[in-house]
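K.L.:
One-letter residues, chain by chain:
4 protein chains.
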Amino acid sequence: MTTVELEAGLDELALAHRILAYEGQGDRTSGHVSWRDPAGRGLWLKRARIGMDEVASRADLHLIDFDGNVIAGTGERHHEWPIHAEILRSRPDVMAVGHTHAFYSQIFASTDEPLRPIGKEGVWFDDPPKFQDTCSLIRTPELGRALAATLGSNDAVFLMSHGLAFVGSTIRECTLVGIYLEAAVRAQVTIAMTGFRARWPDPDDAKAKRAQTRTTGGINNYWDYLARKLTPASERTG
Amino acid sequence: MTTVELEAGLDELALAHRILAYEGQGDRTSGHVSWRDPAGRGLWLKRARIGMDEVASRADLHLIDFDGNVIAGTGERHHEWPIHAEILRSRPDVMAVGHTHAFYSQIFASTDEPLRPIGKEGVWFDDPPKFQDTCSLIRTPELGRALAATLGSNDAVFLMSHGLAFVGSTIRECTLVGIYLEAAVRAQVTIAMTGFRARWPDPDDAKAKRAQTRTTGGINNYWDYLARKLTPASERTG
Amino acid sequence: MTTVELEAGLDELALAHRILAYEGQGDRTSGHVSWRDPAGRGLWLKRARIGMDEVASRADLHLIDFDGNVIAGTGERHHEWPIHAEILRSRPDVMAVGHTHAFYSQIFASTDEPLRPIGKEGVWFDDPPKFQDTCSLIRTPELGRALAATLGSNDAVFLMSHGLAFVGSTIRECTLVGIYLEAAVRAQVTIAMTGFRARWPDPDDAKAKRAQTRTTGGINNYWDYLARKLTPASERTG
Amino acid sequence: MTTVELEAGLDELALAHRILAYEGQGDRTSGHVSWRDPAGRGLWLKRARIGMDEVASRADLHLIDFDGNVIAGTGERHHEWPIHAEILRSRPDVMAVGHTHAFYSQIFASTDEPLRPIGKEGVWFDDPPKFQDTCSLIRTPELGRALAATLGSNDAVFLMSHGLAFVGSTIRECTLVGIYLEAAVRAQVTIAMTGFRARWPDPDDAKAKRAQTRTTGGINNYWDYLARKLTPASERTG
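Residue numbers (the working numbering), protein chains in the order written: chain S, 1341 to 1578; chain U, 1341 to 1578; chain X, 1341 to 1578; chain C, 1341 to 1578.
So that you can see chain S by itself, here it is in the shape it has in the complex (with noise of 0.2 Å):
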């Protein structure tokens, strides 16, 4: 991987960052996605004290190996630094891990219900496991490996009294996994409100759906789109 590849790699996790406040998943300092090094040396994590809104650049990205140890870039590093560390040693397939306090996904997470796939977005999902052994911060290797036994195989997991974390094959579709995830929370949750029976798709019906719109293209429209709304006009060029 060249330096311009890997420049234009981190200025999408700084921009996935962007996105996840955008869609209201930010919690003032708290948050960050990772993405796995390309050239096989650790991470590139968010540094810490600044919102995920705040993550204007490359700048305000830095690299740690699996143990932790800041290797490039400047700043202070999350605690929770193990939650990425742990589910990318343990997860080959996977490029890029998100962590966030979204709403409704903390709330589910304080729950035994399975996650139907009710609304666009519900159909994503096969039910994410939930981590209820504890409440504490991922501040652990321990932790951290017990958080990722717990995701296994699966897309996301909710942390109870805590938040969410979300992985994805690239950047981008880490990012759309966790605005799914919350959405189709919030859709499960608001049905519920209501008190009214619910229907959903038989799982054939939703995994076809999937299929169609779990799409390299599709993830792409929206991330372009939401690009757009974070782009200054005065710095676009397409």
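FYI, nobody ran anything at the bench for these hints, they're computed from the structure.
Treat the numbers as computed from the prediction; the structure is a model and nothing was measured.
Please note that a few of the clues may not be correct.
Unchecked claim - Chain C regions said to be covered by chain S (calculated; three or more residues, Cβ under 8 Å):
hint, stretch
1, 1455 to 1469
2, 1549 to 1563
Stated by the list, open to error - Taking lysine-lysine and the DSS-like style, the derived pairs with C-alpha atoms no more than 25 Å apart in a straight line are:
hint, chain 1, residue 1, chain 2, residue 2
3, C, K1569, S, K1569
4, C, K1547, X, K1569
5, S, K1569, U, K1569
6, X, K1569, U, K1569
As the list claims (entries may be wrong) - Here are a few chain U residues that sit away from chain X, every Cβ distance over 10 Å (derived from the structure):
hint, residue
7, E1347
8, A1348
9, R1368
10, P1378
11, R1387
12, I1390
13, G1413
14, H1441
15, E1453
16, L1477
17, A1486
18, T1490
19, S1493
20, N1494
Quick reminder that beta carbons are idealized off the backbone N, C-alpha and C, glycines included.
Following the hints, position chains U, X and C against chain S.
P.N.:
Okay, now just chains U, X and C, sitting in the frame of chain S:
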């Protein structure tokens, strides 16, 4: 129809997209409204890859025939063009069709509840049908015909785990039908959440109110108001 | 009353519309507030076809007599002028009347629930009556009189599948009554959604709080605050 | 304490008001935060007649003694100064007191529900008491003492049909306690609306998380983030 009249219609179709986005029915690059070509060649539809809020002018619309061929204008065609083509084919009284992923309508589509004339918006509707055979994208003429058959002679149809489609005898009416339907569902959903016993007007009273408010004059007042919100002051002539 | 005093009252009436819109009670071109003409000629009312947020000045108001004739000013008359004329006719203590389609009040109108003194806003009210005979527009003196009869000596009346009407001894009080009522209903509706058993102050305690907060001084503090939000900084004198 | 240190504290107190307003706890001219005068003369409090968002500088604060006499600064005193005076008198560990009408906290005050450690904010609290003897304004030392007695050694107290009061050992902690409490209640209220069975951490786990997040460093990170949102870019130095 003169070129000037055609262009005025297309300007209105572009504005309909921006109004629906302003009213909260945008979903990134999803959602689209069509207008029956006055010369009988097919239908005008928003191009893909931009948001409803980004439909700035006639250049963002193209003409497709009822088999989906783009015959005027540029840009990528929406996959779900058969929603529009098949509804327009089966409903000669309909001049415009909208499809969005409005939140409350989408979750209402996952229930068997009839829509009640609750709220000033609720009185506009008889109980619109629900399309629950599949949550699939409507990408084929076959699915478009199935959806049109469920719609029947109604104003709108809810699509399970997908969204809603709505029609009108003009672009303006179609747009307001979409806005009113989402508001009507939100009112019914909210009252259901309280557990309070709900009351609504008897059918004759509801229909009389509908006749008072679903008028060309009433629709134009609201349309003009919304148009003012979306037209920069510097471009206003009236 | 001098011309200067009349104009100051009309400026206040124009501002009342903008405040109600700022507080979320706007509904495109619907909603209007009236003021009893101090010279006894009838009532001043917002003209039709503009939103409450668009009532920029005295030029957007006109004087109509109690039979609905426009006797000063320009612009199209609101169809629902009889709400104002008949309430003002039957209630000599009332100087101003408002009518909006506020969301929570409108759905509350579709229930038989009594309003409770829940929240700081709830203590302002005894249980306002509900007009549920018809959801029709109030376009005739007959319907205006029926509505005024339901209102009786109360501060406000809920209109099923329509909205609410509210009154005050001044424009300022009327405006705050509309704002407080919607807030009171929202609080009661929200607590009902939880299923929690609700408590509220006993009647004497609630009335004592009302006497503490529904004062000229308290109303003026809130009014002045809201006025500052709607007056461009460049036009501020105080 | 030097004049420079005093002024820094007052700047922080002014900012605390703007932060609470930014976080949605503003209610026109209602709501106020106090700081114990470091020289032991009484307490610094926002002046009346302006909104929390309008507390622009030290000039909007004044010093009152524990009997309510304004002894430095200008402006009208808030009627509810005894909330601050009596809590500060009875709680030597408390340096700052806030009082707002935050929506969810206010309705929660009308229930007998205990607060649970649901959500990352919920773990900050034991179950704060509810003051339900009266909904009256707290305008007298007697009522202030009754409220302080209900507060006891807790972080916060809910006031039925009124609002909430909250305390901290610093202005920053007090402000964050107010923000976290409203968020905690919103989470519990929302989950109750669904009817889903809720789970929460056991007491030891919740307290361990509290110890991880309710730290000077954690509070400063959030405070600094919020301060950046409210400081015009042109005035930023850091």
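K.L.:
Could you run down the list of hints and mark each one as holding or not?
P.N.:
Here is what the structure says about each hint:
Only residues whose beta carbon comes within less than 8 Å of a beta carbon in chain S count, and the stretch 1455 to 1469 of chain C has 6; three or more means the coverage holds. Counting residues of the stretch 1549 to 1563 of chain C whose beta-carbon sits less than 8 Å from any beta-carbon of chain S gives 5, enough to reach three: the coverage restraint holds. In summary, the hint linking K1569(C) to K1569(S) is supported, as the alpha carbons are separated by about 19 Å, within the 25 Å threshold. Pair hint K1547(C) plus K1569(X) does not hold up; C-alpha atoms about 42 Å apart against a cutoff of 25 Å.
Between K1569(S) and K1569(U) the alpha-carbon distance is near 19 Å, which keeps this suggested pair within the 25 Å criterion. At roughly 19 Å between alpha-carbon atoms, K1569(X) and K1569(U) fall within 25 Å of each other, so this suggested pair holds. With a minimum CB-CB distance of about 26 Å to chain X, E1347(U) clears the 10 Å threshold, and the non-interface call stands. Distance to chain X confirms A1348(U) as a non-interface residue, since its nearest Cβ pair spans about 21 Å, more than 10 Å.
Its beta-carbon lying about 25 Å from the closest one in chain X, R1368(U) satisfies the requirement of being farther than 10 Å from that chain. No beta-carbon of chain X is positioned within 10 Å of the beta-carbon of P1378(U); the least distance is around 28 Å. Every CB of chain X is more than 10 Å from the CB of R1387(U) (nearest about 29 Å), matching its label as outside the interface. The beta carbon of I1390(U) sits about 26 Å from the closest Cβ of chain X, which is more than 10 Å, so the claim that it is off the interface holds.
Look at G1413(U): its CB is around 31 Å from the nearest CB on chain X, clear of 10 Å, so calling it non-interface holds up. The Cβ of H1441(U) sits about 22 Å from the closest Cβ of chain X, beyond the 10 Å cut-off, so the non-interface label holds. The beta carbon of E1453(U) sits about 15 Å from the closest Cβ of chain X, which is more than 10 Å, so the claim that it is off the interface holds. Non-interface call for L1477(U) relative to chain X: holds, since the shortest CB-CB distance, roughly 33 Å, exceeds 10 Å.
The Cβ of A1486(U) lies farther than 10 Å from every Cβ of chain X, with a closest approach of about 33 Å, so its non-interface assignment holds. Against chain X, the non-interface label of T1490(U) holds: every CB pair exceeds 10 Å, the least being about 27 Å. For S1493(U), the non-interface assignment is confirmed: its Cβ lies about 24 Å from the closest Cβ of chain X, beyond the 10 Å cut-off. A cut-off of 10 Å between C-beta atoms confirms that N1494(U) is not in contact with chain X; the least separation is 20 Å.
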